[in-house]
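Chain Z: place on chain Y using the hints.
Line order of the protein sequences matches chains Y and Z.
Residue numbers are given in our numbering: position 98 of the first sequence equals residue 98, and the series is strictly consecutive.
Residue numbers are given in our numbering: position 7 of the second sequence equals residue 7, and the series is strictly consecutive.
The hints are simulated quantities; they were obtained by calculation from the structure and are not laboratory data.
Backbone N, C-alpha and C fix where the C-beta goes; we use that ideal spot for every residue, glycine too.
No false leads were mixed into what you were given.
Capping the alpha-carbon separation at 30 Å, the derived lysine-lysine pairs in DSS-like fashion look like this:
1) Z:K11 x Y:K162
2) Z:K107 x Z:K33
3) Z:K9 x Y:K96
4) Z:K107 x Z:K57
5) Z:K11 x Y:K96
6) Z:K57 x Z:K119
7) Z:K57 x Z:K33
8) Z:K33 x Z:K98
9) Z:K119 x Z:K107
10) Y:K3 x Y:K96
11) Y:K162 x Y:K3
12) Y:K162 x Z:K9
Chain Z regions said to be covered by chain Y (calculated; three or more residues, Cβ under 8 Å):
13) 17–30
14) 101–112
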Amino acid sequence: MRKTRKLTLMALIVSQALVLHYIESFIPVLAPGAKLGLANIMTMVTLVLFGFREAVLVVIIRSVLGPLLGGSITGIVYSLSGGILSGIIMSILYLKFETYFSLMGISTAGAVFHNIGQLLTASWIFGSIGILYTYLPVLMLAAIITGNFNGLVTHYILGYLKDRLRQGG
Amino acid sequence: MGIGIKGKKLKIGDVLVYIFIVLLTGLSFMGLKIMAGQGDEVLVQIELNGRALESIKMRQNWAEDFREIRVDTGQGGYNTIRISSEGVDIVDANCPDKLCVHSPTIKVPGQSIVCIPHKLMVRIIGNSQVDNAVDDTAS
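One chain only, chain Y, in its complex shape (with noise of 0.2 Å):
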């Protein structure tokens, strides 16, 4: 792929992972604290189209820009504590165990491992470990639907974009 093709895309990547942030802030959730985490959708499809640099390079961008966008400033922390550790999960499981996980297996697992950097960060920031086990239970019942979905719809859009980014060259 050409380089300014590649930054095209990337750009695009970005921007769109930014408009799921902002809008699944208007979208109600059941626990609190649960997150569709829709972006996740595009940094999966940046981990299977481009690799793992640019995968975590699509989490950190976002992590900054999407707290700018709707939500605190102290947002940034727990945006990227959980995003990169999910990044590097997902890039491990779809990069060197890809035989043995689906898409909504990977997917799953960079929920999971979303809330545990952010649990960890929370429990850093206060002090205390507490909030870890408080919050993981409803969490990770959370992450089985939105992981399972979320891959789900990284799928069909891997379906649609590999035969469309063929035709463009």
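Okay, now just chain Z, sitting in the frame of chain Y:
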């Protein structure tokens, strides 16, 4: 393309992800049990920026300790905490996400409610971990 079909099937690794989730959930409940401690002395502790603002020793009958505390978190921020026979709950706050208000009521030692934007935490401490809690906040 290939990805289209093979991405959807459940694979062995996915099962591992679910086992991992179940294990983590079990560990969380165990952590809650361990941190809960024994004894009937229960403290409700309100912490701001990691320092204890208030520690309320609860009586056997929680209804006797009914109160509403409005905590001023600085820069115009506030959280209103209600202690009733139901347990401890944050009933009102002016933080941007309102996650603390939507958090469920807590009553078991070890549980906590946090308001991340206001750096406020309310937690219930059981008898056996009271000393630890003091150490935590002193550091």
